[in-house]
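A.B. asks: Letter by letter, the chains look like this.
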Amino acid sequence: MTNSISEIRNTDAMFVIGSNTTENHPIIGAVMKQAKKRGAKLIVADPRRIELAEYADVFLQLKPGTNIALLNGLMNVIIENGLQNDEYIKNRTENYEELKEIVKDYTPEKVAEICGVKAEDIVNAAIIYAQADKAGIYYTMGVTQHSTGTNAVMSISNLALLCGNVGVESAGVNPLRGQNNVQGACDMGGLPGDLPGYQKVFKPEVIQKFEDAWGAKLSGKVGATIGEMFEGIEKDEIKFLYIMGENPVVSDPDTNHVKKVLSHADFVVVQDIFMNETAEFADVILPAAAFAEKDGTFSNTERRVQRVRKAVNPPGDAKADWEILMNIMNRMGYDKNYANPSEIMDEIASLTPSYGGINYDRLENESIQWPCLDENHPGTKYLHEKAIARGRGLFMPVDYVVSAEMPSEEYPLIMTTGRILYHYHTRTMTGREDGLNQLAPESFVEINPATANRLSILDGERVRLVSRRGEVETTARITEIIDDGVVFMPFHFAEGSANYLTNTVKDEIAKIPELKVAAVRVEKI
Amino acid sequence: MSTVKLTIDGKVAEVSSELTVLQAARSIGIDIPALCYDETLEIFGACRMCIVEIEGSNKLQTSCSTLVKNGMIVHTETDRIKSTRKDIVQMLLDSHPNDCLTCQKSGECLLQDYAYRYDANFRNHHGAMRPQLMDTSSPYILRDNSKCILCGKCVLTCYQVSDRQVLSFSERGYDTKVVFGADQTIEESPCVSCNRCVAVCPVGALVDKRQLGKIRNWDGNTTVVMCKACEYGCEFEVYSRNKENIAVTAKAPSNGRPLCLKGRLATELKYLENPDKPYIKINERFEETTWDKALGITELIEKINRLEKDNKEEEE
Amino acid sequence: MQVTINGKNYDVEKNTTILKACKDAGIEIPTLCHDDRLSPSGACRLCLVEVEGWKNLHTSCTAICKDNMVIQTHSDKVIKGRQEVLDLLISNHPLECLTCEKSGACKLQDYCYEYGITEGTYRWEMKKPYFDSSNPFYNFDSRKCILCGLCVRVCDELQGTSAIGFENRGFETNVATPFNEGLINSTCVSCGNCVSVCPVGALEPKSKEKFRYWETRDVRTTCSYCGVGCQMDLVVKGNKVVDVKPAFDALNEGLLCVKGKFSYNFLSHPDRLKRPMVKKDGVFVETSWEEAYNLIVNKMKSVKEYYGSEAFAGLTSARCTNEENYLFQKMFRAVLGTNNVDHCARL
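Protein chains in written order, with numbering that gives the first Met the number 0: chain P, 0 to 524; chain V, 0 to 315; chain X, 0 to 346.
It should be emphasised that the hints constitute simulated quantities derived from the structure, not laboratory data.
Please read these numbers as outputs of a predicted model, since none were measured by experiment.
Positions of the beta carbon are idealized from the N, C-alpha and C atoms, including for glycine.
Just the calculated beta-carbon pair ranges, DEER-fashion:
{"id": "1", "chain 1": "V", "residue 1": "78", "chain 2": "X", "residue 2": "293", "range": "44 to 54 Å"}
{"id": "2", "chain 1": "P", "residue 1": "361", "chain 2": "V", "residue 2": "223", "range": "28 to 38 Å"}
{"id": "3", "chain 1": "P", "residue 1": "411", "chain 2": "X", "residue 2": "161", "range": "33 to 43 Å"}
{"id": "4", "chain 1": "X", "residue 1": "290", "chain 2": "P", "residue 2": "214", "range": "23 to 33 Å"}
{"id": "5", "chain 1": "X", "residue 1": "25", "chain 2": "P", "residue 2": "117", "range": "51 to 61 Å"}
Working from the sequences, and respecting the hints, build out all of it.
C.D. replies: Here is the structure:
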């Protein structure tokens with residue numbers, strides 16, 4: 000997030016796109032509802048009539064995969080009506096002319112046709128967003144999990160820049176991160192091209208710095224993404240796979256393919272708190288401590304670094320992940336010892352400028368939002384305050400392109416996937432909570448009554464979903480939440496898993512799979 | 000001293016043959032409930048809460064008074080035991096006032112803990128209740144006989160100090176009660192207000208009057224401190240809330256020492272910002288006094304003052 | 000503006016409630032229904048104060064300071080008033096502190112102790128009991144409800160769900176779901192924020208573990224579910240987490256969701272992995288750390304020797320701490336010599 004959660008309370012308008020906030024980020028969802036009560040305007044764009052839609056001033060129930068068309072349409076209306084922030088554009092951005100040129104063709108009527116929404120709603124939404132003094136955009140995987148995900152994020156940034164909403168309190172471009180420490184895992188260099196603090200692995204000065212600090216020779220070659228790792232295993236180039244606290248068999252697209260790859264790997268280590276679907280393929284399983292059993296820090300979606308504290312001992316012989324990793328490194332001949340996670344954080348701070356001023360003494364009394372450059376730096380509530388990080392905000396206009404897989408005669412419906420309130424990711428934790436299983440016991444597919452009628456499917460009936468990659472059986476939930484022609488499945492459940500059906504085609508830049516659009520057919524069993 | 004091996008709730012314990020079953024169980028982390036057992040006191044066997052099943056014997060046995068034997072197989076929490084314990088707690092509750100709302104002991108009361116553990120509750124009934132005999136004569140100890148469960152701990156701990164032995168049982172059957180001296184008030188009795196009895200009382204029958212109404216166990220923090228009045232260092236508990244010390248109570252005597260009022264007052268003076276006025280007993284009457292008199296340091300203070308004054312004059 | 004509280008003068012800003020002025024002055028005023036995050040309701044009447052020139056005692060949570068106001072917060076009249084309020088409340092409240100789960104964390108119990116109310120003196124009929132145990136995570140017991148309205152206001156004003164409200168009037172007033180169809184059939188999303196604010200034992204979590212609040216300690220930590228990073232206190236008894244309380248002085252401002260509030264039992268689930276395991280003839284068998292480490296390290300060494308660094312790949316975890324993610328990528332980069340590190344950031 001460029002901005003902070005608490006700033007939502009004072010915003011004038013919220014544009015929520017591709018995020019079922021009240022279910023996936025319940026506390027942010029609650030803050031949004033508080034802001035709405037206080038008088039802020041709310042625009043919601045989602046293929047499903049989610050809870051926030053009920054509160055929205057404008058709800059755009061768009062077809063999956065048409066975000067860019069909608070965003071271009073909104074900008075078209077804003078520019079046509081002269082609602083853009085000319086002064087901001089002049090002083091703080093560049094490449095505006097090209098944007099104008101591209102969005103010119105995206106008239107509300109044309110976009111309405113593409114997205115399956117009303118033209119007047121597009122106009123209303125554009126006016127609300129543009130006329131608000133401070134307006135924030137909030138999005139999640141509904142924007143990014145597309146073959147055009149990166150372009151959609153650029154479109155969002157274009158829209159925010161057009162109305163001068165970057166570098167302003169209670170506004171901004173705010174991706175809501177899904178997992179507790181997905182922000183931190185990225186910050187810490189859990190990416191093939193980035194060392195901690197997004198320092199690029201291929202830059203000689205970066206390599207030099209880390210080689211000096213770590214006393215080891217480093218590779219300057221950008222590594223493999225998950226998808227590329229799987230390809231590497233298939234091609235026998237990658238032999239040894241180490242998986243810590245992940246369950247790709249359930250979470251990754253095209254389950255059949257993932258299983259094939261894992262059984263093909265030469266040696267697989269899995270480190271987790273529970274036996275899971277992925278661990279079945281392991282050669283060695285290491286028992287890890289859960290969050291309440293160790294010390295550490297998580298970085299949340301607003302870049303806030305907060306302490307995790309040990310409350311109880313891990314069960315049996317289980318150990319904290321950092322201890323296990325340190326022990327293996329030591330046995331591999333790398334003699335660096337840490338007495339506790341606080342010492343690791345000191346090393347992180349010494350090598351990561353954005354974490355430079357963070358240490359456990361400070362975190363005892365406060366939480367800190369990075370960038371925090373030194374011990375006297377208070378942290379950063381919202382980004383780009385004085386100027387956009389790269390100097391000027393660059394408009395990156397993009398055209399709408401259809402999703403990789405569109406409905407066909409054989410696969411006439413679009414399936415989109417997501418999360419629900421009562422479960423978390425692959426259910427290794429929530430699947431073991433009786434109360435949650437009572438509220439959300441099993442996999443299901445949401446089908447619009449009109450679609451269901453055509454297929455003679457009744458609520459609660461078992462159905463089979465088939466895509467080009469696989470098939471699953473699940474239970475039909477007939478509901479107006481979803482539009483005619485579109486079906487929705489949560490991906491949490493290993494039994495009746497949505498990811499047997501999903502498409503592995505990826506966004507060229509971010510390598511994110513198109514989990515939100517797959518062509519399927521639904522069969523009555 | 001030999002060791003024996005026995006099985007308690009499926010867990011094997013290797014312990015000294017001189018231990019009781021209750022001690023052996025506690026040594027391996029199995030908490031057998033007991034109201035009258037205290038490791039520093041003589042075994043009394045009054046409350047019957049510590050009953051266990053020992054294989055080979057039909058009768059439930061009190062684990063506090065049964066020595067371990069090799070090969071013994073003990074069960075401490077069977078349905079039969081639980082239901083018997085519930086009955087015991089129920090009977091105690093039936094003659095105990097329903098007062099946890101404001102009882103000073105709430106939060107550190109064993110009867111309350113066991114009632115919760117075995118799911119026993121107060122009942123309305125028309126039978127007899129223990130008579131309401133409240134002794135408010137002492138500024139240090141509040142005695143409420145209606146809450147007494149006759150576990151005997153107070154009598155035993157007082158008996159351990161040969162020149163005290165103030166507490167004893169009197170009367171019989173349902174009328175049994177603990178008395179101070181010859182059934183006198185605390186003020187009239189030879190009680191020296193050491194508060195040993197208060198420290199061991201498992202219920203609200205004997206409470207520290209100087210803590211009364213100020214703070215309860217769960218409210219704020221407690222720290223254990225050592226008394227500095229003599230070199231033995233008995234233990235006291237300091238209660239605090241929002242970083243302010245509220246009350247001091249006696250916790251446990253150090254080995255070979257009895258706990259004393261002077262130590263308690265010295266500890267209060269050291270830790271409390273605004274301690275209550277001290278009282279001392281003169282001719283069987285509690286009288287308010289000054290801190291120097293209560294601590295018996297009047298002469299010392301006078302002398303210190305005189306010496307300091309002399310020093311100053313010399314310097315001048 | 001200036002006000003006098005208990006004989007001392009204080010400067011206050013315009014539109015400050017008396018309660019807030021007293022709080023800022025460090026004077027504690029008892030209240031059962033006030034919450035800084037919510038609109039004041041004046042329901043419990045415990046925060047009564049005496050204001051010079053005013054005939055009656057006033058609820059300080061709703062009364063606004065006026066210039067030169069003279070306020071008494073602990074005068075005999077005020078104490079009497081509060082005792083009367085507590086007497087009325089406790090007269091219609093079951094005396095079950097002995098076994099009530101809330102005992103030790105109950106504000107009514109604490110105020111009765113502070114104001115010396117040992118029992119209710121109004122021996123009238125008790126309210127008709129109403130229980131709702133339909134929600135899998137918490138129970139409602141109307142007998143213990145003091146109608147402070149905190150649950151109703153939190154659900155409406157902060158959580159924005161409005162699953163519960165007041166029904167009936169006067170003595171028959173109850174907190175309930177629309178048409179009394181039970182929480183499970185309401186719009187309730189089981190966030191438990193009502194449970195977190197209930198000052199008494201009316202809304203109680205269905206705990207798997209028996210515990211008393213005086214046996215526990217609190218450990219402040221960060222929730223391990225979504226990316227919001229709510230702060231919370233794990234309530235620990237011995238070596239077990241038995242309850243979770245939201246932190247009020249953090250970004251979540253006292254709110255949690257169903258997962259953060261109630262879904263901690265996985266920690267002590269019997270399925271937890273407790274010992275390293277290796278696959279032998281297709282079956283996992285338990286082993287020692289030493290053997291597991293040796294197996295991994297020997298394999299790492301031989302793969303590195305025969306196939307080189309690029310034959311390694313690692314998935315680090317968005318579930319683990321920063322420090323662990325740092326060490327994981329460091330192991331791959333500095334020890335194994337490859338940048339093949341990724342995680343599920345895209346899922």
